[in-house]
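Novice: Add chain B with the ligands to chain A, keeping to what the hints say.
Listed below are the residues making up each chain.
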Amino acid sequence: MKICVCVKHVPDTAATIKLAGDNGFEDSEIKFVPNPYDEYGIEEAVSLVEKQGGEVVIVTVGKATAVTTIRGAMSMGAHRAILIKTDSQFLDASLTARALKAAMDQDGLPDMIFTGKGSVDTESFQTQYRLAKSFNMPIVNEVSTLTIDSGKAIAEREIGGGEKQVIEMSLPCVIGVTKGLNEPRYPKFQDIMKAKKKEIREMDLSELGIDVSQGKTMIEKLEPVPERSGATMLEGSVDDQVTELVRILKEDEKVL
Amino acid sequence: MAKTGILIEIENNTVKDTSLGVMTAAAGQEIYALVLGQDAAVVKDKLAEYGASHIVSITASGDLSSSPDLQSQALAAAVTEYNFETLLGTASATGRDLFARLAAILDQPLVSDCVQVNIAEKKVRKSHFSGKTFATLKVNGSVLLCTIRPNSIEPVAAPTAGELIEFVADVADPGLIKIVETKKAGADKLDLTEAPVIITGGRAIKAAENYKMLEDCAQKLGAAVGASRAAVDAGYAPHSMQVGQTGKTVSPKLYIACGVSGAVQHFAGMKTSKVIVAINEDKDAPIFSKCDYGIVGDIFDVVPLLTEKL
Ligand SMILES: Cc1cc2nc3c(=O)[nH]c(=O)nc-3n(C[C@H](O)[C@H](O)[C@H](O)COP(=O)(O)OP(=O)(O)OC[C@H]3O[C@@H](n4cnc5c(N)ncnc54)[C@H](O)[C@@H]3O)c2cc1C
Ligand SMILES: Nc1ncnc2c1ncn2[C@@H]1O[C@H](COP(=O)(O)O)[C@@H](O)[C@H]1O
Chain A
1 MKICVCVKHV PDTAATIKLA GDNGFEDSEI KFVPNPYDEY GIEEAVSLVE KQGGEVVIVT
61 VGKATAVTTI RGAMSMGAHR AILIKTDSQF LDASLTARAL KAAMDQDGLP DMIFTGKGSV
121 DTESFQTQYR LAKSFNMPIV NEVSTLTIDS GKAIAEREIG GGEKQVIEMS LPCVIGVTKG
181 LNEPRYPKFQ DIMKAKKKEI REMDLSELGI DVSQGKTMIE KLEPVPERSG ATMLEGSVDD
241 QVTELVRILK EDEKVL
Chain B
1 MAKTGILIEI ENNTVKDTSL GVMTAAAGQE IYALVLGQDA AVVKDKLAEY GASHIVSITA
61 SGDLSSSPDL QSQALAAAVT EYNFETLLGT ASATGRDLFA RLAAILDQPL VSDCVQVNIA
121 EKKVRKSHFS GKTFATLKVN GSVLLCTIRP NSIEPVAAPT AGELIEFVAD VADPGLIKIV
181 ETKKAGADKL DLTEAPVIIT GGRAIKAAEN YKMLEDCAQK LGAAVGASRA AVDAGYAPHS
241 MQVGQTGKTV SPKLYIACGV SGAVQHFAGM KTSKVIVAIN EDKDAPIFSK CDYGIVGDIF
301 DVVPLLTEKL
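First to last, the protein sequences are chains A and B. For the first sequence, the positions run 1 to 256 when the numbering used here is used. For the second sequence, the positions run 1 to 310 when the numbering used here is used.
Pulled out of the complex, with its shape left as it was, chain B reads as follows:
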């Protein structure tokens, strides 16, 4: 059993499902769930239920949230303190950033956005060439650092007793970098890259206000809403919603494409989704040759009906 640290992400006092999946990726190892600068006590039971024998609350004398350098240094201190052989996290915006900082500090190998991890053999699998190939990488170092693509590993409970420990990291801020502000996105929107289900509207959506129809459906699905580049370029949706080569790479359990033709650049961003459904009025649309289930029809008929039946 290798000592494995898992960086836990928490939102509204709840452990994100993606973090539970990361714990499952380390099943069979001695799992230390690491909570950085947040209240670990409220999530202790959940973390123990999913296999953490130790729940480490990492704090420092200064305010960790003011600098990404402080956060990564605190994490590095924990790796040294507990002698982790492996440290896993989510390939979210935060996880990707912190792990890259950590890898640079520790001078250890990092593989971002993995879809499979073999801790014993130090082998991981990840996408290469914008989703066209999978690469198996052998990792060479004393600590294996990996971020895991959201939704690629289904969480499975593995209850343990779970002991809460406090770790105060001794870190000093060199003061080169400071987070001065966080701009909220308005309503609490589900992050595209982490959403388990995504419903996307392409050029066929025809107007920004028609995304309401997809939002209503998304609400029932527990989904995030995406857009194609054609829809973003036409001004129907902001770039933060774009899926594809020049937008976000997503890999949900279910991807529903509404009025999207199926260009390679769109597929580059969502190809590894588990199930892909396409709704398109053109029975010859290229997307039907690359998805799992197809409905030939007008999205303005099909989507409201789908919302109703969910």
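Here chain A stands alone, though its shape is the one from the complex:
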């Protein structure tokens, strides 16, 4: 079984994002990591292949610096990787999906594709659907339980209020994963060393015939979300404080 895992190179969520120009950010000083949701996909793919045989290929669209993310993914047990290089800080989801597809077309079709449920930088929540459509594969997103059995995938996804849907798909398929599916392994020193020797095939976005100016969405402006500057602390006895809070919420803020 060949499994592709789409892994995005994203700023660590704990990093402070310093904006640069109208629609960019300083990306040379901050730490980048594999998109946290994608790690559940790497773990799932690696453990499936450990059981059933086959190979796991990481596919990333990103800057040349994304090799750190790719090495990280390979130290978790993936066999090799493809890096589709672009200089853009943001590539929209439709172009990203086209790039992922073109690379997979060249490399040979997978039996399964794992992605994260969404990326934590652009929060666009759609690349996996566009990719699935381009291959005419079925897709389920936000999967937290998965069983693969005789050419079928049975996936569970939360649909709100704790309610869950059980969905059956035929393979090949695309599965967008989320927390709860597994516990991503922590690579050992030997795994990290081994990963350094694994193959990374590099391609250029432009070689794949993709023009970065043809995106469907364009970021015009990035601005910081206003920070709150400290609370109004309520005073007096507990009774006074609670009475005042209820009054404020009803009369001043009108949220009750």
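Don't take every hint at face value.
[What the hints assert, rightly or not] In the BS3-like style, the derived pairs of lysine-lysine whose C-alpha atoms are separated by at most 25 Å in a straight line are:
| no. | chain 1 | residue 1 | chain 2 | residue 2 |
| --- | --- | --- | --- | --- |
| 1 | B | LYS206 | A | LYS254 |
| 2 | B | LYS220 | A | LYS250 |
| 3 | B | LYS184 | A | LYS152 |
| 4 | A | LYS221 | A | LYS51 |
| 5 | A | LYS179 | B | LYS220 |
| 6 | B | LYS138 | B | LYS123 |
| 7 | A | LYS221 | B | LYS46 |
| 8 | A | LYS254 | B | LYS183 |
| 9 | A | LYS18 | B | LYS290 |
| 10 | A | LYS152 | B | LYS46 |
| 11 | B | LYS138 | A | LYS63 |
| 12 | B | LYS123 | A | LYS250 |
| 13 | B | LYS3 | B | LYS46 |
| 14 | B | LYS253 | A | LYS254 |
| 15 | A | LYS250 | B | LYS253 |
| 16 | B | LYS3 | A | LYS179 |
| 17 | A | LYS2 | A | LYS198 |
| 18 | B | LYS16 | A | LYS254 |
| 19 | B | LYS184 | A | LYS221 |
| 20 | B | LYS184 | B | LYS138 |
| 21 | B | LYS123 | A | LYS164 |
| 22 | A | LYS31 | A | LYS51 |
| 23 | A | LYS164 | A | LYS188 |
| 24 | B | LYS46 | A | LYS179 |
If you're looking for bench data, these hints aren't it; they were derived computationally from the structure.
Specialist: Relative to the frame of chain A, chain B with the ligands by itself:
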């Protein structure tokens, strides 16, 4: 006036408030309220009251609820039939999924989880970097597809006559995907991401059974109950209740954090709430520098009193 479709979500034969907010986001446009595979007649008056000039009941010969592919195809057929320039929905679990499928079918731009939409200029605003920044996106396509973050737009009535139309979509199931079961969550719980008010318990809650205290308060508030990761990791609450970077992103009108210290990863999930209240016994807790109103006190004293006074 652009022809704008709104995907309506219905629960217990009532239009969800979040869907009414989405209709308000399209105020001034020619609004078609789209009801997919459910009874549109019972909600017609409500939809007309909030600005829908047309209420479209979308059905198909097969059972739409059996496959998300069928649902998205039926929706795509409606977009073509009525020539919508814009289609808006709620960024709920269902809305996010259906819109992404639709965007892939139509090969049109989609922006998920928007907090503002400018239909005329095809510009939208949404969160980037886990709530740290807002991005303004310009959209390039013949149909603008957007899901809107629940509670980000307050519903405003805009009565119209409202005409009910039936649309039978001609769709065929390729049979690649099937919904085999829906597991209920027990009691009808308010969904966290859509709740207008949330009360969250952190590690300070100390035991699973103490969430009862928050549930009692939530009942009076019309709120959903959330948890911090520390509380989930300690086994006090299920992961489906977790708010934050690795949990749910929420944006209610009112967020009450009880015994939560205010870690960045928690804030990543609730920062854009309209009003944030913190209750913490430690006057130096970091959360007090990032919220709107603070009470220094023991949650086991403050919360029951709050429940009583509501
Ligand atoms: C990669 C990563 C992802 C993460 N994702 C998330 C996430 O999604 N969501 C999340 O919440 N966290 C997340 N965290 C964890 C986060 O960093 C914090 O550890 C966590 O939010 C702390 O939870 P807490 O505030 O409940 O607990 P604590 O930090 O222990 O705070 C408890 C607070 O309760 C107060 N208190 C104690 N007893 C009482 C009482 N009786 N009355 C009043 N106040 C009292 C204390 O003063 C303290 O401020 C993540 C961390 C990492 C590294
Ligand atoms: N640049 C990228 N390289 C590799 N995979 C990506 C990239 N962008 C998105 N993905 C995959 O698609 C998922 C959804 O991303 P998004 O649509 O950006 O929220 C992510 O979790 C990744 O698995």
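Novice: All hints are to be evaluated individually against the structure, with a verdict given for each.
Specialist: Evaluation of the provided hints:
no., hint, in the structure
1, B:LYS206 - A:LYS254, "violated (32 Å)"
2, B:LYS220 - A:LYS250, "holds (13 Å)"
3, B:LYS184 - A:LYS152, "holds (24 Å)"
4, A:LYS221 - A:LYS51, "violated (47 Å)"
5, A:LYS179 - B:LYS220, "violated (31 Å)"
6, B:LYS138 - B:LYS123, "holds (5 Å)"
7, A:LYS221 - B:LYS46, "violated (37 Å)"
8, A:LYS254 - B:LYS183, "violated (36 Å)"
9, A:LYS18 - B:LYS290, "holds (19 Å)"
10, A:LYS152 - B:LYS46, "violated (43 Å)"
11, B:LYS138 - A:LYS63, "holds (23 Å)"
12, B:LYS123 - A:LYS250, "violated (34 Å)"
13, B:LYS3 - B:LYS46, "holds (20 Å)"
14, B:LYS253 - A:LYS254, "holds (9 Å)"
15, A:LYS250 - B:LYS253, "holds (12 Å)"
16, B:LYS3 - A:LYS179, "violated (39 Å)"
17, A:LYS2 - A:LYS198, "holds (16 Å)"
18, B:LYS16 - A:LYS254, "holds (20 Å)"
19, B:LYS184 - A:LYS221, "violated (42 Å)"
20, B:LYS184 - B:LYS138, "violated (39 Å)"
21, B:LYS123 - A:LYS164, "violated (34 Å)"
22, A:LYS31 - A:LYS51, "violated (34 Å)"
23, A:LYS164 - A:LYS188, "violated (35 Å)"
24, B:LYS46 - A:LYS179, "violated (38 Å)"
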